[in-house]
Amino acid sequence: MDFLVEPFEAGFVRDGAIAAALVGVLCGVVGCYVILRGMALMADSLAHGVLPGIAVAFALTAGAAGEEPNELAIALGALVAGLVTAFATSAIMQRSRVRPETAAAVVFVFMLALGVVLISRVQSYSVDLTSFLFGDVLGVGTGEILASAISVVAVAALVVLLYRPLLLISFDRQRAAALGLPVDRLELLLLVLVTLAVVVGFQVVGALLVLGLLMAPPAAAALLTRRLPAMMLVSAGIAAASAPIGLLLSWHLDIAAGAAIVLVAVSVFVVLLVVRPAPS
Amino acid sequence: MSADAPALRARGLTVEFGGVPALADVDLEVPRGRSVAVLGPNGAGKSTLFGAAVGLFDPSAGSVELGSSRVAFVPQHLDVDPTFPVTVADVVLMGRYGDLGWVRRPSREDRELVEEGMKALGISSLARRRFGSLSGGERQRALLAQAVAQDAEIVLLDEPLTGVDAPTQEAIRALLERWREAGRTVIVATHDLGAATRDYELVLCLNRRVVAFGPAATTCTEEVLYETFAGRIVRVGSLMVDVSEHHEIH
Chain U
1 MDFLVEPFEA GFVRDGAIAA ALVGVLCGVV GCYVILRGMA LMADSLAHGV
51 LPGIAVAFAL TAGAAGEEPN ELAIALGALV AGLVTAFATS AIMQRSRVRP
101 ETAAAVVFVF MLALGVVLIS RVQSYSVDLT SFLFGDVLGV GTGEILASAI
151 SVVAVAALVV LLYRPLLLIS FDRQRAAALG LPVDRLELLL LVLVTLAVVV
201 GFQVVGALLV LGLLMAPPAA AALLTRRLPA MMLVSAGIAA ASAPIGLLLS
251 WHLDIAAGAA IVLVAVSVFV VLLVVRPAPS
Chain D
1 MSADAPALRA RGLTVEFGGV PALADVDLEV PRGRSVAVLG PNGAGKSTLF
51 GAAVGLFDPS AGSVELGSSR VAFVPQHLDV DPTFPVTVAD VVLMGRYGDL
101 GWVRRPSRED RELVEEGMKA LGISSLARRR FGSLSGGERQ RALLAQAVAQ
151 DAEIVLLDEP LTGVDAPTQE AIRALLERWR EAGRTVIVAT HDLGAATRDY
201 ELVLCLNRRV VAFGPAATTC TEEVLYETFA GRIVRVGSLM VDVSEHHEIH
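Read top to bottom, the protein sequences are chains U and D. Counting in the numbering used here, the first sequence runs from 1 upward without gaps. Counting in the numbering used here, the second sequence runs from 1 upward without gaps.
Same shape as in the complex, but just chain U:
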């Protein structure tokens, strides 16, 4: 049993496991809408769209002397850039007949290119870019854990309160419009929720790997469940469980922690795909 307990005797691993589990719950719930509405590229766009905000926050707070950047400023910068990405994509979709994936891709590449341009002006950023892309789950502090916990509670409350409108616009947009629901605003709200999950998640598992937690656990849960509340619970459970299991593997196999968490989540999906057909 020491094999299971030993890694978590270290405080930084425990904190990492708690933060990653909370991010898992957040992504596991929000990711259900990403899967059901076919928003995978949109989520990818949001994950990369935060880059310019991070670069600006880094440049403003780290200064030229190589000081540590302010983490709250980084998070706020990421949130603002993510919201700009969400609003810009939504505006393009509403004001033209451009397909949603095209709108997402155009904004995605613009924000990514803008981020790279800004980073190229801040030479000392190159090292921190790695943690942006792949996270630093073993370096999280109380602030990240608290932010993750608050986000989980806020998103859970919204998902419960707006269960019916969000289910309806995901299932049948036309029916939702016929019932008088504010379809465009609800779709924008979903983008904001995905942005929130990305911003909270990228600090723990990185901008690239947060997509894994948004996609794999809901996809696995869809294979086991036939109703949305059950899908969300199972998805959140798989994503949360992936955190300690991934850290366990990371500790014993000496592999990257964030990537190990995401690999566990994806493995659950692959195993279920093989052993269990979708319920009728």
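Just so you know, the hints here were simulated from the structure itself, not pulled from any lab data. Idealized CB from N, CA, C, for every residue including glycine. Misleading hints may appear alongside valid ones.
[Said to hold, decoys possible] Residues from chain U that face chain D, not an exhaustive set, calculated with beta carbons under 10 Å:
| id | residue |
| --- | --- |
| 1 | 14 |
| 2 | 18 |
| 3 | 35 |
| 4 | 170 |
| 5 | 175 |
| 6 | 176 |
| 7 | 185 |
| 8 | 219 |
Start from chain U and add chain D according to the hints.
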């Protein structure tokens, strides 16, 4: 709108997509409690008229409004991910969402309306099945059961008989009859001119604009049909045939 307002009113309604008009300057008043067949070739704007009426498309000019907030709209196609986690009973219950609001739990009356909807369409045995696992005809029945559960005053159906099997067509016809007898406003887009003149009180001939609108028996003259279908129909004996889509329409 007041209680005696028309079920659907369009004034100078124009809807454009990418600068191309799908509907142009449509003026229309559908009285309450009538059954209306909307005839026209593909691309005539039938779906656009419904979409604009329920607020899916913003008019480029003019306006369109419905005379009630209790509107059921069953689109021609509903592309649903086969793994979408809703059961048939969930989908039918969505018809009650307008009355339930965001959080109120369904009452016994709500559940009875859901049961009634499923029974009317013969899908009670499918209640716990995942919606995405149903055949096209079964899906259409579930969506119509949702409209029954909604107890809607105005029902908009976009080609409900297209691509469904004979028993489903029969169930849909029985439901339309039931709605007509209950005095609901039923507006149905269709290619079936025979049914349009036989089963509906009014016919709207549409080809991006209103070609004709009036009592079924007197509206569908041969000249009106030629104009509606833009020369894409020919007379074969006593039949009028849409040669572009191979629909027998009369």
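>> For a quick check of understanding: which of the numbered hints are violated here, in increasing order?
In response: 1, 2 and 7
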